[in-house]
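Peer 1: Sequence:
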Amino acid sequence: EVPVKWFTAVSNSLAVPPAIAPDGTIYTCATNNLLALNTDGSIRWQIPGYTGSPLASPDGAVVIRSGNRVCSLSASGTTNWTMEGITAYSGLVPAIGADGRTVLNRVDDEVMAVSASGSKLWQITYTNYYLEPPSIAADGSIVFLRGSTLIWLTSQGSEARALSLTNEYYQTVMAPVLDEEGTSYLP
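First residue of the sequence shown: -3, per our numbering; consecutive thereafter.
It is worth saying that the hints were derived from the structure and are not from the lab.
Please read all numbers here as calculations on a predicted model, not as lab measurements.
Glycine included, every Cβ here is placed at the ideal spot set by N, Cα and C.
Any given hint might turn out to be false.
[Unchecked claim] Cβ pair distances, simulated, as ranges: (1) Thr123 - Ala5: 17 to 23 Å; (2) Ser38 - Gly63: 24 to 30 Å; (3) Val0 - Ser115: 40 to 46 Å; (4) Asp105 - Pro14: 44 to 50 Å; (5) Phe3 - Arg157: 42 to 48 Å; (6) Pro13 - Thr123: 30 to 36 Å; (7) Ala5 - Arg157: 44 to 50 Å; (8) Ser115 - Lys1: 36 to 42 Å; (9) Leu117 - Thr145: 21 to 27 Å; (10) Gln152 - Ile16: 26 to 32 Å; (11) Gln42 - Ser160: 42 to 48 Å.
My request is simple: use the sequences and hints to build the entire structure.
Peer 2: Okay, here's the thing in structure tokens:
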């Protein structure tokens, strides 16, 4: 039996996985609240009005897509930046690179990169296919599925290569997993 180190009751409906910042802060959402938990399980802060899966950036900030917005909050809970009008399918989680860059896909078949300071860096539009969540490799390149095609983009947003997986429509709801060398693994 594995011993429980600590337990914190945050709500009766915790449905998103937590994100852990480099300093050990744990971010999660519960009952329309974004929470930051200390390493001992105590609540550091709680902000209402957020749903979605939070991501911890390398500098300790938290990035979250909630409704039609994407926000970055500092480790103390203050807003770093917000982008409104980012319509996405439910459950699509952005990805964060080592440089703090956020890459996300939108309902209108767009892939967009946002700098750590909240500036839009680039955006690419694809048509006719649902785009799956992206992953970011250590070198900053981006990988995602578009229909049955695995797409690799450079860190500047230009298409580097594409690989057709099958002749049939292939769909998953998970981002490819990338190892340190950039090898892509699909669920």
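Peer 1: Val0 and Ser115, beta-carbon distance inside 40 to 46 Å?
Peer 2: holds (43 Å)
Peer 1: Looking only at beta-carbon atoms, does the pair Leu117, Thr145 fall within the given range of 21 to 27 Å?
Peer 2: holds (23 Å)
Peer 1: Evaluate the given range 24 to 30 Å for the C-beta pair formed by Ser38 and Gly63.
Peer 2: With a Cβ separation near 28 Å, Ser38 and Gly63 satisfy 24 to 30 Å, so the hint holds.
Peer 1: Hint says 17 to 23 Å; check whether the CB-CB distance for Thr123 and Ala5 agrees.
Peer 2: violated (46 Å)
Peer 1: For the range 36 to 42 Å, tell me whether the beta carbons of Ser115 and Lys1 fit it or not.
Peer 2: holds (39 Å)
Peer 1: Quick one: are Gln42 and Ser160 within 42 to 48 Å, going by C-beta?
Peer 2: Check passed, 46 Å falls within 42 to 48 Å.
Peer 1: State, for the Cβ atoms of Phe3 and Arg157, whether the hinted interval 42 to 48 Å holds or is violated.
Peer 2: Given a distance of about 46 Å, which is inside 42 to 48 Å, the answer is holds.
Peer 1: Is 44 to 50 Å a correct range for the gap between the Cβ atoms of Asp105 and Pro14?
Peer 2: Between Asp105 and Pro14, where Cβ atoms are some 30 Å apart, the hint is violated.
Peer 1: Given a hint of 44 to 50 Å, does the C-beta separation of Ala5 and Arg157 actually sit inside it?
Peer 2: holds (47 Å)
Peer 1: Taking 26 to 32 Å as the hint, is the beta-carbon distance of Gln152 and Ile16 inside that range?
Peer 2: holds (29 Å)
Peer 1: Taking the Cβ atom of Pro13 and the Cβ atom of Thr123, is their distance within the range 30 to 36 Å?
Peer 2: Between Pro13 and Thr123, where Cβ atoms are some 31 Å apart, the hint holds.
Consistency note: the structure conflicts with the earlier hints numbered 1 and 4.
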